[in-house]
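K.L.:
Make a model of the complete structure from these sequences and hints.
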Amino acid sequence: MQSARDVLTPDALAMLQTIAEAGSFAAAARVLGVVPSALTYRVRQIEDALDVLLYDRSSRQARLTEAGAELLREGTRLLAEIDAVANRVKRVATGWEPQLTIAVDSIISKATVMELCDSFFALNPPTRIKLRDETLSGTLAALTSGQADLALGVTESSTSAGIHGKPLGDVSFVYAVAPHHPLASAPEPLKDEVVRQHRAVAVADTIARGTGVTIGLLGGQDVFTVATMQAKLDAQLRGLGSGFVPECMARAYIETGRLVVKKMERTQRIMRINYAWRSVTKSGHGRALAWWLEQLESPATRAALLERHRGV
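The sequence shown begins at -6 in the working numbering and counts up one residue at a time.
It is worth saying that the hints were derived from the structure and are not from the lab. Just so you know, even glycine gets a beta-carbon here, dropped at the ideal spot from N, CA and C. Keep in mind that the hints are not guaranteed to be accurate.
[Claimed, not checked] Straight-line alpha carbon distances no greater than 35 Å define the calculated DSBU-like cross-link-like pairs of lysine-lysine that follow: (1) 159 x 256; (2) 159 x 123; (3) 123 x 103; (4) 103 x 255; (5) 184 x 256; (6) 256 x 103; (7) 123 x 184; (8) 255 x 159; (9) 103 x 159.
[Unchecked claim] Computed spacing ranges between beta-carbons, pair by pair: (10) 227 x 62: 42 to 52 Å; (11) 86 x 34: 36 to 46 Å; (12) 293 x 66: 42 to 52 Å; (13) 14 x 294: 42 to 52 Å; (14) 149 x 87: 33 to 43 Å; (15) 179 x 154: 45 to 55 Å.
P.N.:
Structure representation (structure tokens):
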């Protein structure tokens, strides 16, 4: 006996659609240009393979059983998906990538990334977009390991072949604490021995191997580690610790007094933030990556990726 895979072909599913639209086997046979007995035989093959009845034989009309109605619904969906795949393959052949993966560091404005995605999808491209949340060394590692095609928020340079990068801009880091934190009233500039007595909030590096990067931590200091820069900011707003945060992310809270900036003995930290991409083929970029790189040529877009942060 034939299996379900043998009989549930696109042609068979299309035949069931035709029977449903025509209303009877005889009418469907005329539409398909076959004799009714041939149509009945094919339906019997499907029923035998599935071990179910698709049609109520007590009626002259092609009345579906519940099982038959479910098969027709799923078959219609599968046929639509087959058509969609065929269209996608045709469009990919014109230079669009099937998927573009973008590693997004937690220092990058998520709202701006979503706006760029919105503009990209408005093109109705065949390319699927996948966003990866990364932090510190993990952002570049996602690119160099082949897990991403584009990385936003890279803080390091790469010597790997095929990796290219350009600057997004410079970000200033300030040492900030909640107004009720003990360091808020400590005399300035804050000395390392004083800071070391209080818990620091650190962002976990998402690099899969190695020690990763730690920024601004002192030896022997208690550390509260969180997953993202936004979570670090939230923790410091709650007084759970202190540490350096991007001024662009903390600005609104500093202006409203929810965070207090403290001068340090150490010099103010300024970090160059970059974006980087991977050349997949010798012939150049796919059309999806080329579109994103074109957007990143805009100074306004680069500034928005670093500056437009929502509150916690």
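K.L.:
Next step is simple, just say for each hint if it's right about the structure.
P.N.:
Consistency of the hints with the structure:
Distance restraint check for residue 159 and residue 256: the Cα-Cα separation of roughly 31 Å lies within the 35 Å cut-off, and the hinted pair is therefore satisfied. A C-alpha spacing of about 21 Å is found between residue 159 and residue 123, which places the hinted pair at or below 35 Å, so the restraint holds. Simply put, residue 123 and residue 103 have alpha-carbon atoms about 14 Å apart, close enough for the 35 Å limit, and the pair holds. Restraint check for residue 103 and residue 255: satisfied, since their Cα atoms lie roughly 27 Å apart, inside the 35 Å limit.
Distance hint between residue 184 and residue 256 is fulfilled; the C-alpha atoms sit about 9 Å from each other, no more than 35 Å. Distance restraint check for residue 256 and residue 103: the Cα-Cα separation of roughly 29 Å lies within the 35 Å cut-off, and the hinted pair is therefore satisfied. For the suggested pair residue 123 and residue 184, the alpha carbons sit about 44 Å apart, so the restraint of at most 35 Å is broken. Proposed proximity of residue 255 and residue 159 is supported: the alpha carbons are some 32 Å apart, at most 35 Å.
As the CA atoms of residue 103 and residue 159 are separated by approximately 20 Å, the hinted pair is consistent with the 35 Å bound. At roughly 51 Å, the beta-carbon separation of residue 227 and residue 62 lies within the given 42 to 52 Å, and the hint holds. Between residue 86 and residue 34 the CB atoms are about 39 Å apart, so this pair conforms to the stated range of 36 to 46 Å. For residue 293 and residue 66, the Cβ-Cβ distance of about 47 Å falls inside the hinted range of 42 to 52 Å, so the restraint holds.
Taking 42 to 52 Å as the suggested C-beta distance range, the pair residue 14 and residue 294 conforms, at roughly 49 Å. Checked against the hint of 33 to 43 Å, the pair residue 149 and residue 87 passes, with Cβ atoms roughly 35 Å apart. As the Cβ distance of residue 179 to residue 154 is approximately 49 Å, the hint placing it in 45 to 55 Å holds.
Violated hint: 7 only; the structure is consistent with all others.
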